[in-house]
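Visitor: Chains as they are written, first to last, in the UniProt record's numbering: chain A, 1 to 226; chain B, 1 to 193.
Be careful, since some hints might not be right.
[Stated by the list, open to error] EDC-like mimics (lysine to aspartate or glutamate), calculated; alpha carbons at most 20 Å apart, straight line: (1) 61/A / 78/B; (2) 65/B / 100/A; (3) 28/B / 76/A; (4) 65/B / 76/A; (5) 71/A / 69/B; (6) 71/A / 82/B; (7) 61/A / 82/B; (8) 98/A / 82/B; (9) 71/A / 81/B; (10) 38/B / 100/A; (11) 111/B / 81/B; (12) 65/B / 74/A; (13) 111/B / 82/B; (14) 38/B / 74/A; (15) 28/B / 147/A; (16) 28/B / 115/A; (17) 13/B / 181/B; (18) 98/A / 67/B; (19) 71/A / 155/B; (20) 98/A / 43/B.
Keep in mind that the hints were calculated from the coordinates and are not lab data.
Quick caveat: nothing in here was measured; it's all calculated off a predicted structure.
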Amino acid sequence: MLKSVPFRQSTPRRGEVPPYTIVYFPTRGRCEAMRMLLADQGQSWKEEVVTKESWLQGPLKASCLYGQLPKFQDGDLTLYQSNAILRHLGRTFGLYGKDEREAALVDMVNDGVEDIRRHCSQLIYRSYEEGKAKYFQELPGHLKPFETLLIQNQEGQAFLVGDQISFADYNLLDLLLNHQVLAPGCLDSHPLLLAYVARLSARPKLKAYLASPEHVNRPVHGAQKI
Amino acid sequence: MRMLLADQGQSWKEEVVTKESWLQGPLKASCLYGQLPKFQDGDLTLYQSNAILRHLGRTFGLYGKDEREAALVDMVNDGVEDIRRHCSQLIYRSYEEGKAKYFQELPGHLKPFETLLIQNQEGQAFLVGDQISFADYNLLDLLLNHQVLAPGCLDSHPLLLAYVARLSARPKLKAYLASPEHVNRPVHGAQKI
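Make the full structure from the sequences, and use the hints.
Guide: Okay, here's the thing in structure tokens:
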């Protein structure tokens, strides 16, 4: 059965009922970036938690466009695909660069984050024991583009693109935080990224969310082995 | 992106990179993610094919009529990208072993796009709304590639066949699809096929 949890305590738009609903498994997975975005933007949202059993046995999967979660609701708009949801929220809250040129760069950066996210998921869900040595060996090479982007943008003191936060920043931040959980210390030779993580995590609303039980107690992913 | 540009009456320059120069030259190290394509729009350099499609979508008004449609276009394009990636993995890694399973699963992967088309003026319009989007060019390319790699694989998908035929008949696009530069360009670079 779908289980709804109470609304978060922050400022809803359009009256009492938050327009946003995240329908997902009880993990951070592909939803934590959008959760951090919403929290940092002072939004509240509803979580509909889907257990593995109800997913495998219930009607929800067949009703999803691609047979996958997350499913996201913004009022009467239903969206699938986590990056489409991030882009939608990016448009809504002005987190998509200051102009069309920056928007293209934000897209380019987010697609790079997505590539790493996918590699990491494949590692976790398919071949962790066999693949992890190679993965962490290759990680510095995969992180380098983001260090390059940061250095070129006010020497790492700003954001990935321009001087305002974008949905790509929340996505990269989530990815880096996950890596620190899965392999503590794996960012130690990346001081620019460590500083970036610390600086973004200190944003007041985001900091409060990252300290909240709902975030802290939510596992990074749903694979059994880790 | 080539079909998009051609259909929008644009011209562009091709800088062709051979496998040898890619492996031996300085270009790869200069690319943000060490990959191609690289795209230049004046002084703006972009990587990531879907970022390029989105940029052109914004430029030419191929991103839905409002923010709601833009979100749907993104959702659809991401679905096309998922299939494109599965197809690439098949071609570049495990074609002989994987192709039976791939074509068995293909109808299930195509179903979402049939659903979207049916729900939008019963397949007579586009994937989202009543104007073409970058997601349409992306899906069209994917479907055309499948017809080359496995002729007839769309025969049990009349809605998609009609969609492919209708879009391919757009005058500028039709001219491009008939051009030697398109016809003579192989679908992909894997040796086995």
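Visitor: Please go over all the hints and tell whether each is borne out by the structure.
Guide: Checked hints:
1. 61/A / 78/B: holds (18 Å)
2. 65/B / 100/A: Roughly 16 Å separates the two Cα atoms, so the pair holds.
3. 28/B / 76/A: Between residue 28/B and residue 76/A the Cα gap is close to 45 Å, so the pair fails against 20 Å, i.e. violated.
4. 65/B / 76/A: Holds, at about 17 Å.
5. 71/A / 69/B: Cα-Cα ~17 Å, so holds.
6. 71/A / 82/B: holds (17 Å)
7. 61/A / 82/B: holds (17 Å)
8. 98/A / 82/B: violated (29 Å)
9. 71/A / 81/B: holds (18 Å)
10. 38/B / 100/A: holds (18 Å)
11. 111/B / 81/B: holds (15 Å)
12. 65/B / 74/A: Status holds; Cα separation ~18 Å.
13. 111/B / 82/B: holds (13 Å)
14. 38/B / 74/A: violated (35 Å)
15. 28/B / 147/A: holds (17 Å)
16. 28/B / 115/A: holds (17 Å)
17. 13/B / 181/B: holds (12 Å)
18. 98/A / 67/B: holds (16 Å)
19. 71/A / 155/B: Between residue 71/A and residue 155/B the Cα gap is close to 31 Å, so the pair fails against 20 Å, i.e. violated.
20. 98/A / 43/B: holds (17 Å)
Going through the hint list in order, the structure does not satisfy hints 3, 8, 14, 19.
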